[in-house]
Amino acid sequence: MSTPAVELVGITKRFGGVLANDDVSLTVERGEVHAVVGENGAGKSTLMSVLYGLHRPDAGHVLRAGTRVRLRSPADAVAHGLGMVHQRFRLFPGLSVAENVVIGAEPVRYGALDRGAARHAVASLAQRYGLAVDPDARAGDLPVGTRQRVEILKALYRRAEVLILDEPTAVLTPGEAEGLFRMVRELAGEGVSVLLVTHKLEEILAAGDRVTVLRGGRVTGRFATADTSADELVRSMIGRSLHTASPSLSPPEAQAPPGHGPAGGPAAGPYLLEVRDLHVRDRDGVPAVAGVSFGVRGGEIVGIAGVAGSGQRELVDVVTGLRRAGSGTVLLHGEPAAGGREPRVAYVPGDRAGRATAPGMSLADNLLMGDQRGFALSPGGVRRRAAELVERFSIRAASVRTPIAHLSGGNAQKAVLARELSRDTPVLVVEEPTQGVDVGAQEQIHALLSEARAAGRAVLLQSSELSELRALSDRMLVMFEGRLVAELPVAEATDERVGAAMTGNDATRAPEPSGEALG
Amino acid sequence: MNAFLAAVLTATAPVVLAALGGLLCSVSGVFNMALEGQLLWGAFTAVLFSHLTGSAWLGVAGAVLCTTVYALLLSVPAVSLRADPVVVAVGTNLLALGLTAFLMRQIFGSGGTFSSPELAGLPTLAALGLDVPMLGPQSPLVPVAFLLVAAAAWWLGRTRSGLRLRGIGQHAEAAESIGLRVSGYRHAAVLGAGALCGLGGAQLALGNVTLFSEGMSAGRGWVAVVAVMLAGARPWLGLGACLLFGAAEALGFRLQGLGLPQQAADAAPYVITLLALVVVAAARRKETTG
Amino acid sequence: MTPPPRTGAVRVVWSPAVVAVAGALLLTTLVMLAVGVDPFLAYPALVRGALMDGNLEYTLAAYVPTLGMAVAFAIPLRAGEFNLGGDGQLSLGGIAAAALALHAGGSFVLPLVGAALAGALLAGVSAPLRTRLGIPAIVSTLLLSAPAVSLASYLARFPLAERGTGLAQTPLLPDAAHLPALGSSTYVTIALPLVAVLTVLWLLADARTVPGYEIRALGANREFARYGGVRVNRLAAVTLAAGGAFAGLVGGLIVLGAPYRFVDGALTAPGYTFTAIAAVLLAAGRPPAIPATVALLTILQAGGQGMEREAGVPSQLTQIVQGLIIVFVAVTTVTRTLRARSRA
Amino acid sequence: QPAASPGKSVILITPNPVGTNSFLQLSVKGAEAAAKEIGASFKLYESKDPTSIAQNLDAAVRAKPTVIVGVSFSFDDLFATVPKQQPQQQFLQVDSCAKDQAANLTCVSFKEHEAAYLAGVEAGLLSKSGKLGVVAAIDSPFVHRWIDPFFAGAKSVNAGATGTPLYVGGNNPFSDPARAKSQAQTLTGQGADIVAAAASGGNQGVFEAAAAAGAKAFGVDVNQCAQRAGTVIDNVLKHVDVAESAALKDIAAGKAGGVKVYGLKEGGVGVNALAGDLASSGCTVAASPEVVAKVKQVRDDIVAGRVTVADPLTG
Ligand SMILES: Nc1ncnc2c1ncn2[C@@H]1O[C@H](COP(=O)(O)OP(=O)(O)OP(=O)(O)O)[C@@H](O)[C@H]1O
Ligand SMILES: Nc1ncnc2c1ncn2[C@@H]1O[C@H](COP(=O)(O)OP(=O)(O)OP(=O)(O)O)[C@@H](O)[C@H]1O
Ligand SMILES: [Mg+2]
Ligand SMILES: [Mg+2]
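Chains as they are written, first to last, in our numbering: chain A, 1 to 519; chain B, 520 to 809; chain C, 810 to 1153; chain D, 1154 to 1468.
Okay, chain A solo, but in the shape it has when bound:
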């Protein structure tokens, strides 16, 4: 082989008392897709940040194409042909897509920005890699999947020879993720090296050439994907096998029989949540939910599938009381919801930094939200309660007083789940529960959701991972353009059928507004 594109040699990085990276070495060849995996808090983001000049290592160094380089800032990294797509996007919300892509390396003509050239460059890059974006759209108005594309275009435009992707698929729909990996392979074919951080093992096995596994800041395994298995990777990551096959590891055929959760038996409780002929308009007055009706019984998990932007978000907002319905009703225990944030509905939002947490507040304060009652509040009590949750849900944090922003992404997600699952509500609404969460934690979270079902709660689950929906739900609803276009017992929810329904191509079974769901 020729000189490696990048070599990280003996990287050690300490944050106060936390040893985030401990003597980590890693080599990426030209044209290689190199996956980095590990539990939440294993040090993946830190390692990538070191490579991209965001953190300076306490020890160790970086070789780029065989020569030692000093990366003191992202500017240095960019100059050395590195590009990074952060999981929390770093786009300029008020700038256009084209501006976002070219900024920092703008085409100029007669001293002024050459906006035509910028637009053209973006359009041709987008076309070449099959990334559909409108160069003139405002970045802040784009859906997440498109933002991801813009991030990638940014790196491509700069002709990054080493592309770092930190959990790129966490917010993508399966279709989008597939497109991304096609592009990754294509780039690799052109000689670009790709560093891919992810929790989704099937992605690694499908798209990666080699894998480096981190645990507790140390390298615990190096594999060629051709010679390894999901199980081996998991063992290397968490030091043991999973109790049961993780949903994201196993093909659908291996799943438990439909309608049977760990509690066993089909759900049969009363309807705790009912939605009748719901109509909702989005902020611009465009109908987002158009005549949706369904019900969720106690002891049942109902999954909602759909392409992003099909009305799921608005539906959840109305059910949780964060948005007013245009018309139609939401019934809880058979009574109409009171209006305003509904206290009988616990809710795990998909937008972690924007809605589910206040990043600047302490972990303890974040764990309290929704449960604050009465007038007096004892800070000590709040911290004790938080410590209990941290213990029970094995959240890794320096202390309950640390701002939640300092937790690794997966641990912040666990904190949100801990808070909502511990609330004693009849109805539980969950969006993207395992987004950015490692396989061990995924397993734990799935078990928790099943427990909630067993306890007789009604669970409404929205996820962009079909496999997750299949693994957990008793029934699946598919939304398309604001309507429920399919209701499938989980046994019938094959990729083909759900996929067809999600894209509006399924005429087999559109549920009646007053059908079985409302009994």
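All the pointers check out, no bait thrown in.
Quick list of in silico lysine to any residue cross-link-like pairs, SDA-like style, CA-CA up to 25 Å:
# : chain 1 : residue 1 : chain 2 : residue 2
1 : D       : Lys1284   : D       : Gln1343
2 : B       : Lys805    : A       : Gly140
3 : D       : Lys1252   : D       : Gly1416
4 : D       : Lys1182   : C       : Val846
5 : B       : Lys805    : A       : Arg138
6 : D       : Lys1252   : C       : Ser993
7 : D       : Lys1161   : D       : Gln1242
8 : D       : Lys1182   : D       : Ser1434
9 : B       : Lys805    : C       : Gly933
A few chain A residues that don't get close to chain B, going by computed Cβ distances all over 10 Å:
#  : residue
10 : Ala117
11 : Arg185
12 : Gly216
13 : Arg383
14 : Pro426
15 : Gly440
16 : Ser450
Have a look at the derived ranges for each label pair, beta carbon to beta carbon:
#  : chain 1 : residue 1 : chain 2 : residue 2 : range
17 : C       : Leu842    : A       : Ala376    : 51 to 59 Å
18 : D       : Lys1281   : B       : Leu649    : 30 to 38 Å
19 : B       : Ser629    : D       : Ser1441   : 27 to 35 Å
20 : B       : Pro662    : A       : Val108    : 26 to 34 Å
Since the hints were derived computationally from the structure, they do not count as laboratory data. Just so it is clear, the structure is predicted and the values come from calculations on it, not from any experiment. From the three backbone atoms N, C-alpha and C, an ideal C-beta is built for every residue, glycine too.
Given chain A, put chains B, C and D with the ligands in place with the hints provided.
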């Protein structure tokens, strides 16, 4: 009507220059409340250099230079040392008030007001052969102020550095992660604001009048801050806010002559600005919901 | 006066502050030497001017309104709203108290209540402007301030004016409305314990009550608070009004203390509002530190007058010194409270 | 500790920072001069607000000087009580007098309205348009002593004369020359050909506006004619320094107490037209001997009581 327009333009020019500076800072993500003190410092140094050199233009140059240097007092703590720009501004405003009055006594030997027949004021446009009767007798810095707004609008929208400045203000981390030197741009914005305040101060002390008087910025920097808050990152809107404010003020003077109490005239610009804001906001609201 | 909600809070407050003051003193000494003022004369004069020779009374008299205005700014700030309209709320509260004392008679209670209400009303106007029209409070409070000051000034100049004097001021308020003095002092009145108690109550509410928690959450992330069932618009309005009430109350307290009348301009001239904002920002998101930062700035100002009197330091030099100290203190107590405010 | 100096001393307390206020500047000058003459040391305490006035007064009382001078109405409340509590201490109030005057309080006040009336007479005679203006700092009752009598004087010689006052106001009314200039321009734009300035630091702005419009102006307190040669007709003078230093010397000599009112009669107020150095004053009224003659006549009438000038403060 011409006289009214001329009065508005004269009164507004220093505010426009200061507001433009504040707007650049705001675009770059620094909240600049130090405009009042910098305007005062600009007025003082303009008079000082005009007096020392006998040339109004050297006075202007001196004011621009000195106020840019003075702006380091904001830019270094707020940008490099990450101090709260508002607190620093409170300090530098106070400092400017004390320093100008103190230096005035030390240098000119008199307190209060300094004016002298030898003090060179800025010529009028007419004197330079550029008379525009519509605008009244204005100093050349008045059209310059308005042209600078146009230039800034173009620069922000159409140039490489303008785009980068906008990006930095919107998301500093994002800017950093594509290799932009955030603090460099912010320093430039704050110092540029200093230069503009220097220009504004020079216009105030050598254009609007030809003298220096303790505290003569008299709240113009605060009006500029309000204009920046209203305008966000849009220079034309900032200009509009300044002009609206100036027009309301000039109108207030005229109504005072008809018996309107002084207090009502004082309040008029604020009330009118707020009303305009309410009307615009309500109209926009109706548009989106209706 | 400060409850210690956390052990070591005092240490946290003081360690950077001590550095700041030391550095500022060094700088100031250099300025003094440069202009020929004897620091050995000036510094003792500063301390005496603030704390000794009977000056403590006046320092306390300035401390009380400044602390009150600091809380008036800090309460909405916790919810993420900026109240820059302190001067207007202060003036309106002051004139309301004067009007009530003159025309409604009775003790100081009603005027104080009226003052607080007037301030709350004025600040409260900013709430619907923000929730219904999207005009940020930082803009509307500032724009409403000047007209309110003008209104108070107009009332003092015409309908409520005292005849036969050269100043625009109301007549002397009736004795019954005067705030009872503490001990033999004229300027230290029950305003001191009143503001102190209210401040402590606010600090307790902030740290140890559910509304306090909700306000903090609202300030930290509005959507998060909404998600958690907090009535965000109402709470934001409440904090704005509460801030305004505090400012209005301060206006009333000033007017009902010596010289027992509303003198046009006298409430805004000392610049309580901006001193208070600086103090709150210096406290950098730690409310328990506010009484200390207010004390620091008040002592500087009161002591500055002492320097002028005793050491013959010209008042311009005092301003220079104060300006330098504030910049210096800002640098050493680095804060992150107000980053994205320019986008307001 | 710099305790009260063993010898004599004078402490002057201002109600506001001296800054651009020519009246306060003059009172400082007067006290300083008097202190020198009587061999006393002099200290200036500048106040910022009512509380700091009281604090300064307290400090002054502690320092036990020969005389404590308080300037303006702002001392009315304090001087009604403090002198009684400090019977050993001599006090002097300039420009006003506290109620129930104590024996150890001396007062000096001025009839500036008489001088303003004379200026009005000049303006009435010299105005062609008959439209007069005043640019004053703020609309306070005291300031009306420069406005109402000015217009009254003009009307007394020119029945058709009209007057418009404008107030600078705003954020810094006493030092906003640009705003003052703009207001003077408003007045000249409306046809006023004479604008009197009573705007402290803003006066020079008024003169500039008048000069640019070919109009004329009046100055205040001190001779401001030289500030804009050929534009300033005359000044409404108030000899604070003279009156104050006379009072201080009296007190030092043991003649304390009482109110000394300085009007035209006492020579405490006036206009440059009446001064001996009129020719060299730079004031344009010097070029109109007939106006000067009329002014002298009206002055004599006022002194003799044949004409009374209404005091806006009491009337
Ligand atoms: N800036 C920081 N300050 C303090 N601690 C940090 C910082 N960055 C990372 N850490 C800690 O270092 C450890 C490694 O974090 P890192 O973000 O690299 O994990 P990760 O592998 O990316 O986890 P996840 O999968 O949850 O994103 C964690 O314990 C984290 O809390
Ligand atoms: N303000 C901060 N102070 C200290 N550490 C921080 C701060 N913000 C983030 N961190 C740490 O920096 C690390 C990298 O942040 P990054 O934005 O990549 O999140 P992440 O943990 O990788 O989350 P995700 O799972 O969403 O990728 C995180 O592990 C976090 O612990
Ligand atoms: Mg990470
Ligand atoms: Mg992560």
